[in-house]
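Undergrad: Chains as they are written, first to last, in our numbering: chain A, 1 to 410; chain B, 1 to 247; chain C, 1 to 371.
Heads up, some of the hints might be wrong.
[Unchecked claim] Taking lysine-lysine and the BS3-like style, the derived pairs with C-alpha atoms no more than 30 angstroms apart in a straight line are:
| no. | chain 1 | residue 1 | chain 2 | residue 2 |
| --- | --- | --- | --- | --- |
| 1 | C | Lys184 | C | Lys276 |
| 2 | C | Lys184 | B | Lys33 |
| 3 | B | Lys217 | B | Lys242 |
| 4 | C | Lys62 | B | Lys192 |
| 5 | B | Lys192 | C | Lys297 |
| 6 | B | Lys195 | B | Lys220 |
| 7 | A | Lys152 | C | Lys10 |
| 8 | A | Lys211 | C | Lys204 |
| 9 | A | Lys211 | C | Lys10 |
| 10 | B | Lys192 | B | Lys242 |
| 11 | A | Lys137 | B | Lys48 |
| 12 | B | Lys242 | C | Lys297 |
| 13 | C | Lys184 | B | Lys29 |
| 14 | C | Lys204 | B | Lys29 |
| 15 | C | Lys62 | B | Lys195 |
| 16 | C | Lys297 | B | Lys165 |
| 17 | A | Lys211 | A | Lys152 |
| 18 | C | Lys62 | B | Lys238 |
| 19 | A | Lys152 | A | Lys141 |
| 20 | C | Lys204 | A | Lys384 |
| 21 | B | Lys165 | C | Lys280 |
| 22 | C | Lys297 | B | Lys220 |
| 23 | C | Lys184 | C | Lys253 |
| 24 | C | Lys184 | C | Lys204 |
| 25 | B | Lys242 | C | Lys62 |
| 26 | C | Lys297 | B | Lys186 |
| 27 | C | Lys10 | A | Lys151 |
| 28 | B | Lys195 | B | Lys185 |
| 29 | B | Lys48 | C | Lys184 |
| 30 | C | Lys297 | B | Lys195 |
| 31 | B | Lys242 | C | Lys53 |
| 32 | C | Lys281 | B | Lys165 |
| 33 | B | Lys238 | C | Lys297 |
| 34 | C | Lys297 | C | Lys62 |
| 35 | B | Lys165 | C | Lys287 |
| 36 | C | Lys344 | A | Lys211 |
Source of the hints: derived by calculation from the structure; they are not laboratory data.
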Amino acid sequence: MSGLREWIVNRATDLADGGSVCLNGHEYSDIVGMSPYDVYNLPYDIGVKVWESLGGLIAWLINLFVPNNAVSFALISDTATNAMAIVLMVVVIFAIGFVTNLTMIWQERKFLGRQMDRRGTMIGPLGYLQCLGDGLKTFMKENVAPRAIDKKIYWWGVVLVIGTSVLLACMIPLSPRWFIVDYNTGLLLIFAFFALAPFLIMCAGWAQNNKYSLIGGLRAAELMISYEVPMLILFAGTVYMTGSFNIGDIITWQEEHIWLIVPQIVGFFVCLVCAIAESERVPFDLSEAEAELVEGWQTEYAGMKWGLIMLGDYFRGFVACALVNIMFLGGWSMPIINEFDWYYQYFPELFFVLKTCFVFIFFITARGALPRVRTDQIVNVGWKVLMPLAVINLVITILIKWIWDYGGVF
Amino acid sequence: MAQPTEYYSKYPKKFKGTGIITPVLKVFKHMFKTTFHRPVTILYPYEKEWVPDNYRGRPGLRFDRCLGCGICVRACPTTCIELVEVADDDGKMVLRPQVNVGRCMMCGYCAEYCPVDAMTTTTDYELAEFNRYDLIYDPRRLHFEYTTDMMEVHIEEHLMSNLAKGITDQPTAFYNTDRPVLEDKKCIGCQKCAKVCPVNAIEMVVVGQNDKGKDIKRPKIDEATCISCSNCIIDCPKDALKMNEVL
Amino acid sequence: MAQEKMNADKMWLTMGPQHPFSHGLWTLRAQVDGEIVTDAEPEVGYLHRGWEKECEQRDYQKIIPMADRLCYSASMTWSHLFCKVAEEALDIEVPERAQYLRVVADEICRIQSHLMWLAAVGTDAGNLTIFLWALREREFMLDLNVRLCGQRLTTNYPRIGGVRNDMPYYFERDCLRGIERFEKALWDIVNLTDDSSIFVGRVKGIGYISREECANLGITGPAMRGCGVDYDVRRDDPYDAYGDMDFYVPVYKDGDAYARFRVRIEEMFQSCSIIKQAMKKLESIPKTAPYRLKVPKAIPEGTHMARIEDPRGESVMYLISDGTDRPYRLKVRSPVFVNVSASKRMVQGVRLADIPTVMAMIDMCLGETDR
Chain A
1 MSGLREWIVN
11 RATDLADGGS
21 VCLNGHEYSD
31 IVGMSPYDVY
41 NLPYDIGVKV
51 WESLGGLIAW
61 LINLFVPNNA
71 VSFALISDTA
81 TNAMAIVLMV
91 VVIFAIGFVT
101 NLTMIWQERK
111 FLGRQMDRRG
121 TMIGPLGYLQ
131 CLGDGLKTFM
141 KENVAPRAID
151 KKIYWWGVVL
161 VIGTSVLLAC
171 MIPLSPRWFI
181 VDYNTGLLLI
191 FAFFALAPFL
201 IMCAGWAQNN
211 KYSLIGGLRA
221 AELMISYEVP
231 MLILFAGTVY
241 MTGSFNIGDI
251 ITWQEEHIWL
261 IVPQIVGFFV
271 CLVCAIAESE
281 RVPFDLSEAE
291 AELVEGWQTE
301 YAGMKWGLIM
311 LGDYFRGFVA
321 CALVNIMFLG
331 GWSMPIINEF
341 DWYYQYFPEL
351 FFVLKTCFVF
361 IFFITARGAL
371 PRVRTDQIVN
381 VGWKVLMPLA
391 VINLVITILI
401 KWIWDYGGVF
Chain B
1 MAQPTEYYSK
11 YPKKFKGTGI
21 ITPVLKVFKH
31 MFKTTFHRPV
41 TILYPYEKEW
51 VPDNYRGRPG
61 LRFDRCLGCG
71 ICVRACPTTC
81 IELVEVADDD
91 GKMVLRPQVN
101 VGRCMMCGYC
111 AEYCPVDAMT
121 TTTDYELAEF
131 NRYDLIYDPR
141 RLHFEYTTDM
151 MEVHIEEHLM
161 SNLAKGITDQ
171 PTAFYNTDRP
181 VLEDKKCIGC
191 QKCAKVCPVN
201 AIEMVVVGQN
211 DKGKDIKRPK
221 IDEATCISCS
231 NCIIDCPKDA
241 LKMNEVL
Chain C
1 MAQEKMNADK
11 MWLTMGPQHP
21 FSHGLWTLRA
31 QVDGEIVTDA
41 EPEVGYLHRG
51 WEKECEQRDY
61 QKIIPMADRL
71 CYSASMTWSH
81 LFCKVAEEAL
91 DIEVPERAQY
101 LRVVADEICR
111 IQSHLMWLAA
121 VGTDAGNLTI
131 FLWALREREF
141 MLDLNVRLCG
151 QRLTTNYPRI
161 GGVRNDMPYY
171 FERDCLRGIE
181 RFEKALWDIV
191 NLTDDSSIFV
201 GRVKGIGYIS
211 REECANLGIT
221 GPAMRGCGVD
231 YDVRRDDPYD
241 AYGDMDFYVP
251 VYKDGDAYAR
261 FRVRIEEMFQ
271 SCSIIKQAMK
281 KLESIPKTAP
291 YRLKVPKAIP
301 EGTHMARIED
311 PRGESVMYLI
321 SDGTDRPYRL
331 KVRSPVFVNV
341 SASKRMVQGV
351 RLADIPTVMA
361 MIDMCLGETD
371 R
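Kindly generate the complete structure, drawing on both the sequences and the hints.
TA: And the structure:
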């Protein structure tokens with residue numbers, strides 16, 4: 001019996017026994033030594049298992065024709081499995097983010113429809129498949145670009161705007177076991193990438209050689225100076241309270257103590273407003289105000305470029321909601337049910353997504369209820385209302401923290 | 001004296017920048033309301049809105065009632081109606097209106113002016129076709145299956161002379177009152193008017209003999225059967241007939 | 001030709017004819033200095049159909065459905081105006097029942113036209129909810145139109161010497177129910193607009209015109225009443241049954257976009273009251289009463305003028321008849337054509353984002369502007 005055949009039989013026996021599915025009969029702890037993680041990572045594990053069946057199948061098929069060849073053994077070797085597992089892990093994380101994103105688009109269309117006394121999308125079960133249809137339709141469109149553009153910036157601008165958005169969505173951890181990198185400055189890095197977009201939008205607006213997109217791009221910059229400052233002050237409050245930039249630590253702190261929405265209720269609402277502005281959604285979508293600037297900075301982006309920009313917008317909306325969730329609503333932690341064993345075994349990712357979708361309801365309602373603000377109004381609101389409120393929130397946070405730690409302010 | 005409403009009188013004073021709470025709550029409330037009740041929109045191709053019988057869709061024709069008088073042709077503002085020769089149920093060739101619905105503006109004048117209510121309005125508004133020729137409705141196709149009495153449009157005009165006398169209960173229409181009158185000097189007795197009359201209301205009567213001993217014929221209009229279609233007036237080569245409008 | 005030196009500080013922005021803010025085909029060329037608009041120039045005429053010339057080829061009766069097509073949302077008032085000028089030429093008075101029916105139809109038309117405007121304001125301000133709620137209410141008004149006239153928009157209802165048909169069965173009940181429902185529903189929309197500080201902040205204090213400028217530019221209608229001129233043709237030169245109606249003409253002295261907004265909303269409430277009064281009056285007139293006169297086809301020679309309070313302002317028709325059954329000349333004075341000429345004055349100094357909201361308060365309708 002060849003080595004490969006033996007391995008396949010072993011795998012089958014393992015699966016039939018219902019035992020833990022591990023590579024080459026090793027325990028998981030053996031694998032983690034090679035994997036980039038020192039804790040259990042579910043997407044990585046899924047990647048490992050998918051590669052075991054996929055790579056194993058390929059290896060077996062090759063082995064049928066060329067028995068005991070080197071390629072088959074290389075395909076199921078630990079090194080190859082580890083490498084392919086990381087690739088598949090990224091695919092899995094992106095796929096889940098993508099599905100979440102589609103769900104949020106569907107959620108927005110349905111909720112907005114109900115608010116406006118109409119039905120929303122009606123294709124597929126509860127109208128869910130409309131997004132796919134729209135995506136397909138946009139994909140079919142011709143990829144046109146105007147002649148007199150600054151080609152380099154035109155293409156790189158849109159690629160980077162979409163790219164950073166997708167990157168951000170992948171950087172959001174859904175649970176202690178669902179992340180790409182467990183970096184200690186997680187929140188800071190997300191904010192940094194988040195703030196990159198207005199600059200890219202400005203560049204893209206300039207590169208299109210169109211007056212509307214130029215104004216739209218500059219408005220994005222104008223918008224940024226008004227919401228970014230209060231947002232960072234709120235962020236300081238969160239970090240001061242929890243004592244860490246690490247998203248996992250922030251949520252663990254909230255799980256152990258209290259959700260930050262309770263001490264920082266002011267900050268929560270300020271953060272909602274800032275998050276809407278950050279993701280450039282309707283009350284603050286000055287850079288693509290369709291009433292006066294035709295499509296704002298996206299005017300000359302046609303076909304699938306535009307479709308991807310819209311998708312990226314929703315990715316940013318998802319990230320903004322997830323940030324509100326992480327900073328104020330305790331991420332994947334749930335007050336009572338996380339005491340049970342089965343909660344962290346099966347549900348944390350689901351609850352994280354559900355809570356994010358719950359925050360998104362505020363976004364949708366703001367879109368349904370409010371007209372678009374003017375450029376000077378958003379700057380006014382940002383500096384005269386949101387900024388003082390954020391500072392007050394910070395002061396409250398510091399007072400509470402001192403009382404908490406030392407039993408008194410002085 | 002009329003009073004302004006609450007909106008005008010109280011609202012500006014009450015408003016002190018209440019912020020965004022009222023609209024947000026309003027929209028939220030509406031969201032819950034429409035989640036449990038149906039939204040007002042309908043799924044158009046599957047559900048259709050009810051239209052009343054007096055809806056002015058495309059024109060409809062009751063073939064057997066039509067006289068082929070051509071009043072609808074002359075009443076049409078867009079000249080989309082044309083009289084064509086078709087075989088009736090007995091195989092005889094008759095004149096009936098054919099409507100180019102692509103040009104029709106759905107004003108309902110043809111139904112309104114029709115003296116015998118052969119032309120009706122219909123509730124048919126889904127008229128899309130794949131080419132323009134299909135939009136030309138021949139007299140048989142103009143027939144509308146679900147024609148009801150409500151789809152007839154009647155003219156109920158009152159004569160000003162009657163109103164001056166105090167008579168307000170005798171509504172009439174132009175086809176009951178207006179009749180062509182003959183200017184005897186101009187008439188040459190060509191009989192054209194008698195030929196074109198759709199209801200055979202004109203009869204050529206011998207009124208005398210000319211110098212050569214031939215009969216002098218003059219049209220005699222039967223006022224009871226005349227429908228005031230003015231075919232005779234239009235076709236008269238010497239403009240001898242004129243419509244006498246009763247007011 | 002001497003070439004002007006290019007002004008590098010300012011940029012001409014051509015908004016239209018295919019632009020989301022221009023409801024219809026027209027262009028507003030705006031000179032912007034950053035976000036501030038320094039100059040503007042409206043260009044109309046894309047939709048010229050030769051309406052006035054076409055009327056010279058048609059019988060008087062056939063012009064009525066054409067007058068419907070002057071403006072898609074004020075069709076009733078335009079055909080009413082044409083009938084009025086023809087009646088003035090014939091020197092006849094319309095039966096009482098027809099007068100009240102015309103008032104009812106006119107006010108339904110005014111409400112639905114204002115709701116169309118409100119919907120446009122919603123999209124221009126960037127809120128689709130206002131748009132859809134207003135259009136939902138408009139749909140009920142159009143249903144009343146269908147019931148009364150047989151069509152949603154192109155009513156073809158008035159006739160020279162009366163109206164096309166009497167009220168159908170249950171119209172009175174439906175109309176009163178619809179109006180009562182509408183009065184409540186309008187408050188819902190008001191909650192989205194007047195109660196929202198963002199919306200009020202968007203429209204307050206922009207697009208200012210003074211009373212004198214308003215008179216010089218010839219602005220009429222709600223835009224004029226928003227500038228403090230207390231004038232309404234319905235009240236000051238009553239036609240048909242408006243003399244018997246008891247209604248309030250809203251006037252604001254502010255002269256900004258918000259004042260024009262409020263005038264139109266209040267006008268909708270007042271229209272409801274007018275419809276109720278007219279319906280009450282129609283009850284007392286017997287159902288068999290005449291509502292249409294038989295009129296001659298030809299109009300005697302002469303020149304005649306009639307004016308009417310359109311939802312957008314004062315519309316005038318000037319008729320020169322030569323004794324035949326076709327007009328020799330029919331001149332239309334469109335209120336929007338005059339009002340839009342004020343856009344240059346209105347948008348100077350506002351921000352680019354304010355152009356849609358300021359121009360929305362004029363309530364553009366290109367059919368009647370370009371004719």
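Undergrad: Hints numbered earlier in the text: which of these fail when held up against the supplied structure?
TA: none
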